Amino acid sequence: MTVLRYLQAYPPHLQEQVRQLIASDRLGAYLQKRYAEQHAVQNDKALYAYVQELKQAFLRNAPAVDKVLFDNRLDLTHRALGLNTAVSRVQGGKLKAKKEIRIASLFKDAAPQFLRMIVVHELAHLKERDHSKAFYQLCQHMEPDYHQLEFDLRVYLTYRELPGTV
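Residues in the sequence shown are numbered from 1 upward in steps of one, following UniProt numbering.
Quick caveat, the hints were computed from the structure, so don't treat them as lab data.
Just so you know, these numbers come straight off a predicted model, no measurement behind them.
Check before you lean on any hint, since a few could be wrong.
Claimed, not checked - Calculated lysine to aspartate or glutamate pairs in the DMTMM-like style (CA-CA distance at most 20 Å, straight line):
1) LYS33 to ASP109
2) LYS108 to GLU161
3) LYS98 to ASP66
4) LYS45 to GLU100
5) LYS99 to ASP66
6) LYS55 to GLU16
7) LYS55 to ASP145
8) LYS33 to GLU150
9) LYS45 to ASP109
10) LYS94 to ASP130
11) LYS99 to ASP130
12) LYS99 to GLU16
13) LYS98 to ASP44
14) LYS108 to GLU150
15) LYS108 to ASP71
16) LYS45 to ASP66
17) LYS55 to ASP44
18) LYS45 to GLU16
19) LYS127 to ASP66
20) LYS33 to ASP152
21) LYS96 to ASP66
22) LYS67 to ASP44
23) LYS133 to ASP145
24) LYS98 to ASP71
25) LYS99 to ASP71
26) LYS108 to GLU128
27) LYS98 to GLU53
28) LYS33 to ASP145
29) LYS108 to GLU53
30) LYS67 to GLU128
All chains should be modelled from the sequences, with the hints used to inform the complete structure.
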């Protein structure tokens, strides 16, 4: 039986469907059919503009984001696809916290829906620090298909780990 490490929290019947797609060598075709297009956000400047646009549309009163970038060091071994951090620096006699969002570089080649989902997730952390009910409600407010996209992203990550893929 194939271990689906990204899907362990999901019901057994969903895991079995993914296993069947893997066994019949149809998982790649399934993902390609659902998420065929690629986004144009390919550098840090474009990513910053993309994040600011979403923030302006949904989180005007949230703290400003000072830095946004694709990070090559974020990967699945660290169990992080994105990070939302505050870097504190002393400026004069004051302590300033600069908000940063880092997105794993694998999203440069992912479907635009997956990039949006991970950006929405990190933006939601500006208002809600923990993965609480309010956090996921905010994610769904910004992206109504958030939960489906999160599941499909986990399926995509499972596919990427299959021998002979990406």
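Results for each hint:
| no. | hint | in the structure |
| --- | --- | --- |
| 1 | LYS33 to ASP109 | holds, 16 Å |
| 2 | LYS108 to GLU161 | holds, 17 Å |
| 3 | LYS98 to ASP66 | holds, 6 Å |
| 4 | LYS45 to GLU100 | holds, 14 Å |
| 5 | LYS99 to ASP66 | holds, 5 Å |
| 6 | LYS55 to GLU16 | violated, 37 Å |
| 7 | LYS55 to ASP145 | holds, 18 Å |
| 8 | LYS33 to GLU150 | holds, 17 Å |
| 9 | LYS45 to ASP109 | holds, 16 Å |
| 10 | LYS94 to ASP130 | violated, 27 Å |
| 11 | LYS99 to ASP130 | holds, 16 Å |
| 12 | LYS99 to GLU16 | violated, 40 Å |
| 13 | LYS98 to ASP44 | holds, 17 Å |
| 14 | LYS108 to GLU150 | holds, 17 Å |
| 15 | LYS108 to ASP71 | holds, 10 Å |
| 16 | LYS45 to ASP66 | holds, 12 Å |
| 17 | LYS55 to ASP44 | holds, 16 Å |
| 18 | LYS45 to GLU16 | violated, 41 Å |
| 19 | LYS127 to ASP66 | holds, 15 Å |
| 20 | LYS33 to ASP152 | holds, 12 Å |
| 21 | LYS96 to ASP66 | holds, 11 Å |
| 22 | LYS67 to ASP44 | holds, 9 Å |
| 23 | LYS133 to ASP145 | holds, 16 Å |
| 24 | LYS98 to ASP71 | holds, 17 Å |
| 25 | LYS99 to ASP71 | holds, 15 Å |
| 26 | LYS108 to GLU128 | violated, 26 Å |
| 27 | LYS98 to GLU53 | holds, 19 Å |
| 28 | LYS33 to ASP145 | holds, 17 Å |
| 29 | LYS108 to GLU53 | holds, 18 Å |
| 30 | LYS67 to GLU128 | holds, 19 Å |
Of the numbered hints given earlier, the model fails hints 6, 10, 12, 18 and 26; all others are met.
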